[in-house]
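Enquirer: Top to bottom, those sequences are chains P and B. Numbering of the first sequence is given in full-length UniProt numbering, commencing with residue 1 and proceeding in unit increments. Numbering of the second sequence is given in full-length UniProt numbering, commencing with residue 1 and proceeding in unit increments.
No lab work stands behind these hints: they were computed from the structure. Nothing here was measured: the structure is a model prediction, and the numbers come from that model. The beta carbon of each residue, even a glycine, is placed where N, CA and C say it ideally should be. There's no promise every hint is true.
Straight-line C-alpha distance at most 20 Å; calculated DMTMM-like pairs for lysine to aspartate or glutamate [what the hints assert, rightly or not]:
1. B:Lys221 with P:Asp75
2. P:Lys157 with P:Asp216
3. B:Lys221 with P:Glu98
Computed beta-carbon distance windows for the label pairs [stated by the list, open to error]:
4. P:Arg31 with B:Leu137: 17 to 27 Å
5. B:Leu165 with P:Glu34: 44 to 54 Å
6. P:Thr32 with B:Leu6: 50 to 60 Å
7. B:Leu301 with P:Gln171: 17 to 27 Å
8. B:Val227 with P:Thr32: 29 to 39 Å
9. P:Thr200 with B:Arg128: 28 to 38 Å
10. B:Arg128 with P:Gln96: 42 to 52 Å
11. B:Leu6 with P:Ile275: 24 to 34 Å
12. P:Asp75 with B:Leu137: 16 to 26 Å
13. B:Val227 with P:Gln96: 22 to 32 Å
14. B:Leu107 with P:Ser141: 52 to 62 Å
15. B:Leu107 with P:Ser83: 51 to 61 Å
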Amino acid sequence: MTQSAVRPTPASPTPPGGHLLEVRDLHVEFRTHEGVARVINGVSYHLDAGETLAVLGESGSGKSVTAQAIMGILDTPPAHVRSGQILYRGRDLLTQSEEQRRQVRGKEIAMIFQDALSALNPVFPVGWQIGETLRQRQGMSKADARRRAVELMDLVKIPAAAKRLGDYPHQFSGGMRQRVMIAMALALDPKVLIADEPTTALDVTVQAQIMDLLADLRRDLDMAMILITHDLGVVAGVADRIAVMYAGRIVEHADVRSLYRSPAHPYTKGLLESIPRLDVRGQALSTIKGLPPNLMRIPSGCPFHPRCPYVQQVCVDVVPHDLVLGDGRTSACHFAQEVRDDSAR
Amino acid sequence: MFRYILRRLLQMVLAFFGTTLIVYALMFAGQGDPIQALAGERPVTAAQRAYLTEKYHLDATGVGGFFYRYFDYVKSLLQGDLGQSLTGRQIGDILQAAWPVTVKLALIALAVAIIFGVTAGVIAGIRRASIFDNSTLVLTLLVLGIPTIVLAPLAQYFLGVKWQLFPPTAGSEPTFYALLLPGIVLGSLSLATALRLTRTSVAENMRADYVRTARSKGLVKRRIVSVHVLRNSLIPVVTFLGVELGNLMSGAIITEGVFNIPGVGFNLFRGIRTEDGPLVVGIVSVLVVVYLVSNLVVDVLYAVLDPRIRYE
Chain P
1 MTQSAVRPTP ASPTPPGGHL LEVRDLHVEF RTHEGVARVI NGVSYHLDAG ETLAVLGESG
61 SGKSVTAQAI MGILDTPPAH VRSGQILYRG RDLLTQSEEQ RRQVRGKEIA MIFQDALSAL
121 NPVFPVGWQI GETLRQRQGM SKADARRRAV ELMDLVKIPA AAKRLGDYPH QFSGGMRQRV
181 MIAMALALDP KVLIADEPTT ALDVTVQAQI MDLLADLRRD LDMAMILITH DLGVVAGVAD
241 RIAVMYAGRI VEHADVRSLY RSPAHPYTKG LLESIPRLDV RGQALSTIKG LPPNLMRIPS
301 GCPFHPRCPY VQQVCVDVVP HDLVLGDGRT SACHFAQEVR DDSAR
Chain B
1 MFRYILRRLL QMVLAFFGTT LIVYALMFAG QGDPIQALAG ERPVTAAQRA YLTEKYHLDA
61 TGVGGFFYRY FDYVKSLLQG DLGQSLTGRQ IGDILQAAWP VTVKLALIAL AVAIIFGVTA
121 GVIAGIRRAS IFDNSTLVLT LLVLGIPTIV LAPLAQYFLG VKWQLFPPTA GSEPTFYALL
181 LPGIVLGSLS LATALRLTRT SVAENMRADY VRTARSKGLV KRRIVSVHVL RNSLIPVVTF
241 LGVELGNLMS GAIITEGVFN IPGVGFNLFR GIRTEDGPLV VGIVSVLVVV YLVSNLVVDV
301 LYAVLDPRIR YE
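Starting from the given sequences, assemble the full structure and let the hints guide the process.
Expert: Structure, rendered in structure tokens:
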């Protein structure tokens, strides 16, 4: 497995102190017949070499769209990147040509998707699909690509990899299929792996196996990882930092420990309180009242205000900016301090 | 797979006997005097009548007699003898002469459908809602809306008679060129259907999740479309074209009639018009086999094209 053991990435050589990957004030909208949906409204986050960033949020919060904007695989139309920057090693991907961006895909930044059954092509054997990347991108011969595909399948711990090379996606179990997906993403030794809800379609036990595998691979191959999920349980053991998204914005951004200990945004607090606890018996599960906003009519001021227990007039009128609370945490809430203090109690 | 094919072949035997029985019954049930029909306008002597009654077991009457004659017919059919037409020619010989013409015509029609229909369908599917897509929609609806009985004479009149670009009729030994116009007319319907089907299939597959995956692998767009999308999109199209070839091989009664092409459909039509019972039953029996076999081939092909399909 010498080929897969990549050397540690040199800490971003381009701008001093720059991040490996940085999204700056990204705005994306979907132009449909019914109107314009503002899906991403000023998202900023960054990723450094060797770390794992979890992007948390419910369906429609824009976490996947941000990832697809990074990959440059948004369907345009209807999606349009309105403004913002996506810096990879200091260069803005959004200003690059399609050909330059294509070179980045898979080789620098790779992505795995939620539902491996539909994400894999149903009519080609998995070995062929893994090898295709190598043949097309690196001009590898058929035989070499096959050999390397077996190595990659071994790497993601698919039993009897050599025998299963010719099998089709539908012949694999859900967990094994996701492993195939991961093997395919790793083919070109990417520096950044974006995992878009990689375990959502899987059984709970298999979820844990896939998360462990991803964590191990991230460490062994020295990649950085963006883990997109709506499952708070999945995040805790794997991520270094968490960015919580709501209505196309990052509402809270913190390291895992402090976020779990004392969330500083009412939305995060609501999410954490809605997790059933093993140590408290017979307690009614708390929920966040209301529904996620319609992205064509995002509420004024703070988009969370119609559902927020802390709501005041200022929340209806003024869009909250990121409040920096010591130790690098931010929260886009007018009452971030109070919320955090409440949570800490 | 083997067991599946075996089961299908057994079903085909049943279907074959069922259809021939029905056609045989329909063709002979309504006939007044088969011996007079055989003789046509000429008078029949008593001795001839007695001989033919004996030969064709016409003395047995009612349902029993019908089945008696039907089994007679099937017996000779299974020995490869299709019998004699009322005109006295061997039906086997008639088919031998007619079939190559029909096959040529069918292949021209199919080629037209593939070359123009599938290609235009792929382009329309990739450029959904473009001018090209919308104009093919209008054109195909137009073609699908005009029946062949109208389209064929129109094409014959304008392209054949008025502008003289093609020979208006084919004649007894038709050349490729003479079959071209009828082939295009015959294929236009398959073309329109193939185009719509391909367009829908491609458009649907362009939005599939695996296309997003292929893009995230950094493949060039041409490869994503020509390998990933096309391979999936063509599954229903190939299936359709297979069934369509079976249909076309069974002869095109209207097109062959209008352009005077001595193919299978032409002979079948003549048989029906002249109440030539043996000829109609003979041709239909063979057509049933062609149709059943082509359907089986299509079903097997479907499993080859789509690995998710398994026949038990």
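Enquirer: Compare the structure with each hint and give your call.
Expert: Hint check:
1. B:Lys221 with P:Asp75: holds (13 Å)
2. P:Lys157 with P:Asp216: Given pair P:Lys157, P:Asp216 holds - Cα atoms ~11 Å apart, limit 20 Å.
3. B:Lys221 with P:Glu98: holds (10 Å)
4. P:Arg31 with B:Leu137: 17 to 27 Å: holds (23 Å)
5. B:Leu165 with P:Glu34: 44 to 54 Å: holds (50 Å)
6. P:Thr32 with B:Leu6: 50 to 60 Å: holds (53 Å)
7. B:Leu301 with P:Gln171: 17 to 27 Å: holds (21 Å)
8. B:Val227 with P:Thr32: 29 to 39 Å: Taking Cβ atoms as reference, B:Val227 and P:Thr32 lie about 30 Å apart, which means the hint holds.
9. P:Thr200 with B:Arg128: 28 to 38 Å: holds (29 Å)
10. B:Arg128 with P:Gln96: 42 to 52 Å: Cβ of B:Arg128 to Cβ of P:Gln96: about 27 Å, so the range 42 to 52 Å is violated.
11. B:Leu6 with P:Ile275: 24 to 34 Å: Given a distance of about 58 Å, which is not inside 24 to 34 Å, the answer is violated.
12. P:Asp75 with B:Leu137: 16 to 26 Å: holds (22 Å)
13. B:Val227 with P:Gln96: 22 to 32 Å: holds (25 Å)
14. B:Leu107 with P:Ser141: 52 to 62 Å: With Cβ atoms ~39 Å apart, the hint is violated.
15. B:Leu107 with P:Ser83: 51 to 61 Å: holds (57 Å)
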